[in-house]
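**Student:** The lines below spell out each chain.
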Amino acid sequence: MTRSTPNPWLARFAWVTAAATLGLICVGGLVTSRGAGLAVPDWPNTYGYNMFFFPISQWVGGIFYEHTHRLAAAGVGLLTAVLAVWVWLAEPRAWVRWLAGAAFGGVVLQGVLGGLRVTLIADELGVVHAALAQLFLVWVAALALFLSPGWPSLPPVPAAARSLRPLLLGTTVLVFGQLVLGALMRHQHAGLAIPDFPLAYGRLWPSMDAEAIARYNQLRLETTAVRPITAFQVGLQMAHRLVALGIVAGIVVSARRASRLLGRAHPVTRLARVWVGVVLVQFGLGAVTIWTEKSADLTTAHVGVGAVTLLLGALACVIACRDMLGLTRVWDAHAPPAGVAGSGALAARLTGPSA
Amino acid sequence: MKTSALGIVLAVAGGVVSGTVAAAEIGGKVTLKGTPPAERTVEFDALCGKLHTAPQTTRHFVVGTDGGLANVFVYLKEGPAGKTYPPPAKMPVLDQVNCFYEPYVMGVMTNQKFQIKNSDPLMHNVHATPKEAGNREFNIGQPVKGMVTEKSFASREVLVRFKCDVHPWMFAYVGVLEHPYFAVTDKDGKFALPADLPAGKYTVVAYHLKAGEASQEITVAEGDKKAVNFTLEVPAAR
Numbered sequence: 000m001t002r003s004t005p006n007p008w009l010a011r012f013a014w015v016t017a018a019a020t021l022g023l024i025c026v027g028g029l030v031t032s033r034g035a036g037l038a039v040p041d042w043p044n045t046y047g048y049n050m051f052f053f054p055i056s057q058w059v060g061g062i063f064y065e066h067t068h069r070l071a072a073a074g075v076g077l078l079t080a081v082l083a084v085w086v087w088l089a090e091p092r093a094w095v096r097w098l099a100g101a102a103f104g105g106v107v108l109q110g111v112l113g114g115l116r117v118t119l120i121a122d123e124l125g126v127v128h129a130a131l132a133q134l135f136l137v138w139v140a141a142l143a144l145f146l147s148p149g150w151p152s153l154p155p156v157p158a159a160a161r162s163l164r165p166l167l168l169g170t171t172v173l174v175f176g177q178l179v180l181g182a183l184m185r186h187q188h189a190g191l192a193i194p195d196f197p198l199a200y201g202r203l204w205p206s207m208d209a210e211a212i213a214r215y216n217q218l219r220l221e222t223t224a225v226r227p228i229t230a231f232q233v234g235l236q237m238a239h240r241l242v243a244l245g246i247v248a249g250i251v252v253s254a255r256r257a258s259r260l261l262g263r264a265h266p267v268t269r270l271a272r273v274w275v276g277v278v279l280v281q282f283g284l285g286a287v288t289i290w291t292e293k294s295a296d297l298t299t300a301h302v303g304v305g306a307v308t309l310l311l312g313a314l315a316c317v318i319a320c321r322d323m324l325g326l327t328r329v330w331d332a333h334a335p336p337a338g339v340a341g342s343g344a345l346a347a348r349l350t351g352p353s354a
Numbered sequence: 000m001k002t003s004a005l006g007i008v009l010a011v012a013g014g015v016v017s018g019t020v021a022a023a024e025i026g027g028k029v030t031l032k033g034t035p036p037a038e039r040t041v042e043f044d045a046l047c048g049k050l051h052t053a054p055q056t057t058r059h060f061v062v063g064t065d066g067g068l069a070n071v072f073v074y075l076k077e078g079p080a081g082k083t084y085p086p087p088a089k090m091p092v093l094d095q096v097n098c099f100y101e102p103y104v105m106g107v108m109t110n111q112k113f114q115i116k117n118s119d120p121l122m123h124n125v126h127a128t129p130k131e132a133g134n135r136e137f138n139i140g141q142p143v144k145g146m147v148t149e150k151s152f153a154s155r156e157v158l159v160r161f162k163c164d165v166h167p168w169m170f171a172y173v174g175v176l177e178h179p180y181f182a183v184t185d186k187d188g189k190f191a192l193p194a195d196l197p198a199g200k201y202t203v204v205a206y207h208l209k210a211g212e213a214s215q216e217i218t219v220a221e222g223d224k225k226a227v228n229f230t231l232e233v234p235a236a237r
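Those sequence lines, one after another, are chains A and B. All residue numbers for the first sequence refer to numbering that gives the first Met the number 0, where the first residue is 0 and numbers rise by one. All residue numbers for the second sequence refer to numbering that gives the first Met the number 0, where the first residue is 0 and numbers rise by one.
Keep in mind the hints are simulated off the structure, nothing from the lab. Treat the hints with care, since some could be wrong.
To be verified - Under the rule of at most 30 Å between Cα atoms (straight-line distance), these lysine-lysine pairs were calculated in the DSSO-like manner:
no. : chain 1 : residue 1 : chain 2 : residue 2
1   : A       : K293      : B       : K130
2   : B       : K130      : B       : K76
3   : A       : K293      : B       : K49
4   : B       : K49       : B       : K116
5   : A       : K293      : B       : K209
6   : B       : K76       : B       : K32
7   : B       : K189      : B       : K82
As the list claims (entries may be wrong) - Selected chain B positions facing chain A (Cβ under 7 Å, derived; list incomplete):
no. : residue
8   : D65
9   : E136
10  : P142
11  : M146
12  : W168
13  : D187
14  : S214
In this text, a Cβ means the ideal position worked out from N, Cα and C, and glycines have one as well.
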């Protein structure tokens, strides 16, 4: 173990943990998309069994999705625990060690929330569980970025381009808000509150009076056990649509401004350009989710790509705000990360009062 | 003389208690007007699929040959004034048969125990989702064939939705009322309320999840036999 140079294996492990978290979000999304969140009524046991010994022959129907989610969550919990211990032992930067420790705390909290959502049959906890999952992904990915050998050598954002920061940050916060809106919609377990797109019940803005809502419910021919829709849910989906437009605009403007102010080669610009592609895919998935009457797989893809959209924005923010937040300290005040071209000079320049 | 008077008193009292004297009977039929949309095919999983030899559909509009609409919950909006009814000892059964709830719609009285049974050779969970205060949401596992669980609801609610999260196409509804005057229409759309209704003025409500609700004010005298018919319509698209 060395504390003077970055450990590329530790960084790789952190990225694997982040990737596993993204996978877990998708599995969790599939559980909700399949309406299987309560297919296993007990927790931490599974139908009375220790969850690790629940017979495979009984992984049927909704149980398959919920039980798989629990096992995958245990796996991510284990990865996070190993990551936290490894970082704590190998990482000289105290703030990174604390970030890793907090990640472990986060994954424990997330597991308990998931369990309480089942035992208390509390849909609102499902929303918190979904939102925390997104934040946890960002947290672990940011940690992986900080541990990456290339972190100290990332180019700074010049003073002339600092107006980019509030734009990136605002758009990313909007994306997170959109994910919370999505979680609110999904955890109402009411299916599609509006069955058409781009119109809404054939209009630009749907009627939301009691009579209209009663008619919408009568017209639905549910194939699964969804709750009746309410005016609140119709309003939620309209808000989700409007915020989506705002996000697309915010991301496109961010990418254009980053390109103009930072140049096309800057990592923030490159991230922002990928961000544009991802959000367009996400917008399309949102439309397809409606057109396919909330096909479970496509809806889950919408959740997964939503998480990637948040992640890209958050990483762009972290890089853009790196020097402002004092995150530029390297592994050791005098030792450049091994194998990082040019990082020595950059590290020397970036280290200083904060190193 | 004394014996004769006592006999009359006992006979009247017995009649009131048993409800066989001076009670009205209400029955009728609910008819659907319009052509309902086609039911949708249920997508079973592998295990449940093995329990069926033919495709199964949803049960939103179950209509008889002469337009009678099944699964309509018919009830008195308010029970007889000033009367309270203890929950009956008889326990209705909400069964799980071939990966469907049977019946699709049923009724119970507040605090009346009813049974939830798993008649399938596979695992179900039973998740009740009431909304009224006093009715507790519950989610129980019934992994073994033949399992029976007794439950009840404390508050009036029309209708409480039941679902199985293992098999998301499984859902059913239970109406809960504080009096016994309710019924569910059969496959021909016919219903009959309990035949011990005291004389009085009542509102009879017919509620169907998709065809909506209709109600009629009726006045029944002692011994009346009254037919109350309803027509519900297929909802218009706009």
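**Student:** Compare the structure with each hint and give your call.
**Tutor:** Hint by hint, here is what the structure shows:
With a C-alpha separation of about 25 Å, the suggested pair A/K293 and B/K130 falls inside the 30 Å cut-off, and the hint holds. For the hint pairing B/K130 with B/K76, the CA-to-CA distance comes to about 19 Å; that is within 30 Å, so the pair holds. For the suggested pair A/K293 and B/K49, the alpha carbons sit about 26 Å apart, so the restraint of at most 30 Å is met. The straight-line distance between the Cα atoms of B/K49 and B/K116 is roughly 20 Å, inside the 30 Å bound, and the hint therefore holds.
Annotation: proposed proximity of A/K293 to B/K209 holds, straight-line Cα distance about 21 Å (limit 30 Å). Straight-line distance between C-alpha atoms of B/K76 and B/K32 comes to about 23 Å, which keeps the hinted pair within the 30 Å bound. For the proposed pair B/K189 and B/K82, the alpha carbon gap of about 27 Å is at most 30 Å, so the pair holds. With its C-beta approaching chain A no nearer than about 23 Å, B/D65 sits outside the 7 Å limit, and its interface hint is violated.
At about 5 Å, the closest approach between the beta carbon of B/E136 and any beta carbon in chain A falls short of 7 Å, and the interface hint on this residue holds. A hinted interface residue such as B/P142 counts as satisfied when its beta carbon comes closer than 7 Å to some beta carbon of chain A; here the least separation is about 6 Å, so the hint holds. With 7 Å as the threshold, the beta carbon of B/M146 stays out of range of chain A, its nearest partner Cβ sitting at about 12 Å, so the hint is violated. Annotation: interface hint on B/W168 holds; nearest CB of chain A at approximately 6 Å, less than 7 Å.
Proximity of B/D187 to chain A is violated relative to the hint, the smallest CB-CB distance being about 23 Å (cut-off 7 Å). The criterion of a C-beta within 7 Å of any C-beta in chain A is not met by B/S214, whose closest approach is roughly 15 Å, and the hint is violated.
Hint compliance for this structure: hints 8, 11, 13 and 14 are not met, and every other hint is.
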